Structure formats: C-alpha cells, structure tokens
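A.B. asks: Make a model of the complete structure from these sequences and hints.
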Amino acid sequence: MAPIFRWGFMGLILTLIYIPILVLVVNSFNASKYGIKWGGFTFKWYEKFWNNDGLMTAALNSLTVSIVAASVATIIGTLAAVALHRYQFKGKALLSSMVFVSMLTPEIVMAISLLIVFMALGIKLGFVSLVIGHITFCLPFVIVAVYSRLKGFDMKMLEAARDLGASESRIFWKIILPLALPAVSAGWLLSFTLSLDDVIVSAFVTGPGYEILPLKVYSMVRVGVSPEVNAISTILLVVSLVLVVISQLLLREDK
Amino acid sequence: MKTNVGQFRFWAIGLASVWLTLFVFFPNLLVIFTSFLTRDPQATVSLPINADSYIRTLDFLYLKVLWDSLRMSLLAMIVCLFIGYPFAMAIVSLPKRWQPVILFLVILPFWTNSLVRTYAIQFILGNQGIINKSLIGLGLIDKPLQLLYTQFAVILGLCYILLPFMVLPLYSALEKLDVRLHHAARDLGAGPLSRFWHITVPLTSPGIVAGCLMVLLPAMGMFYISDLLGGAKNLLLGNVIKTQFLHTRDWPFGSAFSVILIVLLGFMLWLYFRASRFVSKQGGLNGSDF
Chain A
-15 MAPIFRWGFM GLILTLIYIP ILVLVVNSFN ASKYGIKWGG FTFKWYEKFW
35 NNDGLMTAAL NSLTVSIVAA SVATIIGTLA AVALHRYQFK GKALLSSMVF
85 VSMLTPEIVM AISLLIVFMA LGIKLGFVSL VIGHITFCLP FVIVAVYSRL
135 KGFDMKMLEA ARDLGASESR IFWKIILPLA LPAVSAGWLL SFTLSLDDVI
185 VSAFVTGPGY EILPLKVYSM VRVGVSPEVN AISTILLVVS LVLVVISQLL
235 LREDK
Chain B
34 MKTNVGQFRF WAIGLASVWL TLFVFFPNLL VIFTSFLTRD PQATVSLPIN
84 ADSYIRTLDF LYLKVLWDSL RMSLLAMIVC LFIGYPFAMA IVSLPKRWQP
134 VILFLVILPF WTNSLVRTYA IQFILGNQGI INKSLIGLGL IDKPLQLLYT
184 QFAVILGLCY ILLPFMVLPL YSALEKLDVR LHHAARDLGA GPLSRFWHIT
234 VPLTSPGIVA GCLMVLLPAM GMFYISDLLG GAKNLLLGNV IKTQFLHTRD
284 WPFGSAFSVI LIVLLGFMLW LYFRASRFVS KQGGLNGSDF
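Residue numbers (the numbering used here), protein chains in the order written: chain A, -15 to 239; chain B, 34 to 323.
Zero decoy hints are in this set.
Computed list of lysine-lysine pairs in DSS-like fashion (alpha-carbon distance at most 30 Å, straight line):
no.: 1; chain 1: A; residue 1: K32; chain 2: A; residue 2: K21
no.: 2; chain 1: B; residue 1: K166; chain 2: A; residue 2: K28
no.: 3; chain 1: A; residue 1: K135; chain 2: B; residue 2: K314
no.: 4; chain 1: A; residue 1: K32; chain 2: A; residue 2: K17
no.: 5; chain 1: A; residue 1: K17; chain 2: A; residue 2: K28
no.: 6; chain 1: B; residue 1: K209; chain 2: A; residue 2: K76
no.: 7; chain 1: B; residue 1: K176; chain 2: B; residue 2: K266
no.: 8; chain 1: A; residue 1: K17; chain 2: B; residue 2: K176
no.: 9; chain 1: B; residue 1: K314; chain 2: A; residue 2: K76
no.: 10; chain 1: B; residue 1: K266; chain 2: A; residue 2: K17
no.: 11; chain 1: A; residue 1: K200; chain 2: B; residue 2: K266
no.: 12; chain 1: A; residue 1: K21; chain 2: B; residue 2: K166
no.: 13; chain 1: A; residue 1: K108; chain 2: A; residue 2: K200
no.: 14; chain 1: A; residue 1: K17; chain 2: B; residue 2: K166
no.: 15; chain 1: B; residue 1: K176; chain 2: A; residue 2: K21
no.: 16; chain 1: A; residue 1: K140; chain 2: B; residue 2: K209
no.: 17; chain 1: A; residue 1: K135; chain 2: B; residue 2: K129
no.: 18; chain 1: A; residue 1: K135; chain 2: B; residue 2: K209
Quick caveat, the hints were computed from the structure, so don't treat them as lab data. Predicted model only: the values in this text are computed from it and were never measured.
C.D. replies: Set out below in structure tokens:
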C-alpha cells in the first residue's frame, strides 16, 4: 500500500470512529432541544441532570457499585496473577482456562448464568448481586494486566529475598506489589470504567429498588429525546476516556 | 514460617479459584441444566427434565429470529474483517513508535460506554439526524431516508461497537509475521497477491478466527443495539433471551438459546486452537528457529 493511501484509510476509519462521540459531546452544550440546529451554547442540560434527584441517586449508586467492584476485583485479581505467575499447583490449568473462558464468554450468557446462580443461592437482586456480577467480569482484565507486568520481572530478586528468609507475604508486600503497582492501578481504573459502563450484565442482575445510571440512560433513550441524556453521556464518556488514558500511561511507564 | 508461606499461597490461589468456580464455572453448568427443566409459574423452573425448550427453538417463528440474528451478526463480522484486516496491516507497516499510538486510538472507544455510542449513532441516522439534514440541505433528496430502524442500522451499530475486537487480534497476528517469508517468496517469483493469499492469510488465521469470535458472539447478544437502531422488527438473539428471562419468565427456553451461544463459542474456540496448531507447525520459521 502506498503511504498516502495507508494514512488516508486509517484517518478515515478513525474519523468515523470519533465523529459520533464528538457529535454527542457538542450537542450536550446545544441550547436547541432536539439538537437539529445549533441554538447557542448552554449548560442547562447539565443543570437539569444535577437537579434531577432520580438521576443523581442512580449516578451515586453507579459510583458505589463501580468503586466496590473495582476494588474487590483488583485485590482478588492481583493475588490470582501472582499465584499464576509464581506457584505451581493442582488445578492451575483449570484456573487459567476459567480466566480465559470468562473473558470470551458473551456478556449475555454471563448475565443469565449469574441471574440463575443468584436465584439458586437465594441472593437478593440489588446492590450485592450487581457488585458480584461486576467483579466477575472485571476479574479477568485485572488478572491479565497484572500477570503481563509480572512476566517482565527479574525473578532472581524474589529468589534472593526468599533465600534470605523473607516470607511469601513479605515478598508480596515489599517487592511484588511495589513493582506491579502501575499494573495494579491500571487494573483498578479499567475495572472501574468497565463497571461504570456496563449495561448487559446489570440489566439482568439488578433489582427493582436499585437503579444505576447506564440502565436509567437506557430507559430514557428508549422512550425518546431528552437532552439531559446528552449531558450524562458526555460525562460518562469523558470519565472513561480520562481514566483509560491514565491507565495506559501507567502500563507504558516501564517500557 | 512454613505456615506463613502456605497461608499467602492459600489465599492467592484460593480466592480467585473459588470466585471463578462459583460465579463462572458453576453458573454455566446451571444454564445448561436449566435449559432442560420445565417452566413453572410459581418456582420459575421445576422438574421434570426434558428437551422441550430445544424442540421449541425449532418453531418457525424462532428459527426465523435465530437466522435473522445470525445473519446480521455474520454480516457485521464480515464487514469488521474487511475493514479490520487492511487496517491492522496498515498499522503494522507503520514505524514502530507510531504503532501503539494508532492502536490505542482504535481501542480507546472500547473502554467507553457502548450504549452511549449506540445512542450517538441513533442520533446521526434519524430522520432529523445529521445525514438526512445534510442530504436534504444539499438538495439531493426531498424527504428523509429511512436509515434508522433498519437491518442496515443494526449492522452499522454492531460494526461500530465491535471493530476494536477485530483489529486487536489481527494486529498481534500480523505483528508476529516474519517478513523474511515474504522476501523469500518474492525472490522465488511470487507476486503480491499470491504472497498475501499463500503466506499472510494462512499464518494469521488464528488472529482471523479470534477476531471473528470476538465480534460474532458479542454481536448476537447486544440487545440494546437492535433495540435502539433496529426497532421492534430487527431482533438479535440477545433480545429473545432478554424477553424470555425478564418478561415472559420462561427461563428454560431462554437458557436453551444461551446454550446455542455457548456451543457456538466452543466451536469457534476449537477452530482457533486448530488454526494455532497449524501455524505453529507451518510457520515455525520465526525467531529462534533460524
């Protein structure tokens, strides 16, 4: 391919990818209600969102779920990555294949399988079921992020520490965790974004009493035009974009 | 100290193992089990075990939905492949320091809210959307084109959301490709097309299968894309499953549809491992072997 053609093609696809996002962001500041014409710059849709109690409650619920889910997924995932990297144990192949399969399972299948298991275990649908569901789909992302960072380690240092009598948990706290911290933080940020943006799993495992923002947005856009949605969408997009850029910078740092 | 070693190890291995067994492995078995149960208005599901749900999926109405969903998802997969492959090739041909930048720009939207981006597409395609407004403004058409609530819109939405999943595995497959194979083939007189078809495509086949898997399977489940862009007529399998679980409350029937997805996943994984084995046999020319 000639370079001009190559750059042109990539430029075209990237433009097509980003145009819808841009249109949405610009329209969130558009005073004209239906967004057909530019009616002047305004913050009023953001104000409407801010003053809407139902939406604010949903936003707070979403934040709570995402923070709890991302934190638990990061703890379990980091430990699992260390285990997969450092130890030989029975069922190791099974554990890594479960990680692999849970990453590839279509979200809708994961959603109904979780719904069925919550019913079988008698877990009430609401905050707890949402958090468990979100941890489950975030977990493989944390494991993969931390594991690939650990793979680049110099293992001799850990051997030396062990020979000098350091316990496994001491090695973890003093050596592995500080070195893996960028990947651990990136894992948390990515989990937080995944959780904040999830629709499919949440639609199945949430209860009537616990509303979260993406599902609120979903029911609002199904009904028709409401410009607050543009404002909420812009906030969600910007939060994700910023967090992901930070996480990628963290993951890149050492290279 | 011995116990200390054991304790950390125990928790590191144990937590994730228990979690994934309880919330991934066990639930998937339960889905398969549920698909063989009978619907029960009181207890949601009950015995006896039977294959009625599967027999009902063969009903003409559901076969048609299944076929429509599969066709839209397959078309989205093919479009993604035909855009993603040249795109990944273009990235690989860039200087090394540019590659991660472009790759990052493609992957970035994956991390943002896909519902919101679907809504943006709805906004653009609508009767009052940018496309129709500009075409009317330019005098090319008199009344708006029906772009929204069509199969075209659903396929476009699926491609838009899922393209990164195609580019990523293709990129990593193409990046591993040994350029010396191309040089050797050229020296032996093979043209560019022949080199592409006989070297590049076979040796990146695991990437192709992985990309197709990661587009096709989620595509069948994304109920909100068909909901927002396809209207009530153009359903995906995800819509059927959602209705069965959340509205009709026929869990065995909904589970049977999910098992179809699980089987498809299994088949594509099998294909992927075959392709990888083929490449490691045929293409084992890179790196240390020389």
